[in-house]
Amino acid sequence: MHVYANPTRFLKIARPLTAWLGWAGGATIAAALAWGLLLTPPERLQGESVRILYVHVPAAWLAMAGWSGIAAASLMQLVWRHPLAAIAARSIAVPGALFTAICLATGSLWGRPTWGTYWEWDGRMTSMLVLLFLYAGFIALAGAEKEKGGEGRITAIFGLVGAVNLPIIHYSVVWWNTLHQGQSISFVRGTSTIDPSMLWPLLVSALGFSLLFGAIVLMRMRAELARIKVEARLKRMAAS
Amino acid sequence: MNAWPFIIAAYALTITGTLAVTAWSFVAMRRAEAEAAMLSERP
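Heads up: the sequence lines are chains A and B, in that order.
Quick note on my numbering: the first sequence kicks off at 118 and runs consecutively.
Quick note on my numbering: the second sequence kicks off at 5 and runs consecutively.
Only true hints are included.
Looking from chain A toward chain B, a few residues come up when the C-beta cut is under 8 angstroms (computed):
| hint | residue |
| --- | --- |
| 1 | 215 |
| 2 | 333 |
| 3 | 336 |
| 4 | 343 |
Taking lysine to any residue pairs in the SDA-like style, the calculated list, with each CA pair at most 25 angstroms apart, reads:
| hint | chain 1 | residue 1 | chain 2 | residue 2 |
| --- | --- | --- | --- | --- |
| 5 | A | 129 | B | 27 |
| 6 | A | 129 | B | 39 |
| 7 | A | 265 | A | 279 |
| 8 | A | 346 | A | 197 |
| 9 | A | 263 | A | 195 |
| 10 | A | 346 | B | 44 |
It is worth saying that the hints were derived from the structure and are not from the lab.
Predicted, not measured: the structure shown is a model, and the values here were computed from it.
Where is the CB? At the ideal position from N, CA and C, for every residue including glycine.
Chain A extracted, bound-state conformation:
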């Protein structure tokens, strides 16, 4: 990771990678959503509403992966003082919050025809709502600390502490037997209870959204690096 601590070296890789991830992600999402919406069969019990899962599950995955990224970047910032770590964490926060909100909204839209309710204070849903509040807090804290000229250490500590919510989200369906169904895919065991006709478009959709998420984060990192460059240049011009 320290190899990319140099912003110039990082930008040399980030510039071509942004376009590649963006186009590949967009094309994969379009194909996966068309597949899920038009070609997959309705599920035996859920019926047509199963199609909502092709957008809901990738959003849930990105919401959690986003905070994992924030926690990893925060750790790098606090322990190794990696110069790009704080920028990376701040760049993940907005798309991470968006996908958490999408996860909650699409989950509600799936719940109404399937469970008969938009919302239930169930372990999984409540812990996802807590994650949305954590993202909002992180964005507000990062903005306030940046405005005051701080190094972002308090924000990084918040990013690390907030990671406590991730295992709670993951194991909520195991610890509390409430409305949300249990785990369908286990990457550790390599097992799935989903029929392959529905599993494949779901995995392709998750891949597409992940690629686009990467492109969005890189775009936001590049924007922030350029703004830092402008600020430094203006300061030098004012001083001379």
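Dock chain B against chain A, hints included.
Frame of chain A; chain B shown alone:
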């Protein structure tokens, strides 16, 4: 219950949100990089 209005709403929400954050991030990046390039060209 007819699930299609809920499916359409979920897809519309996801696509709109994703496109909005992508466009916002792209425009912000282009604007910031153009400004940085313009300043670095100045003597």
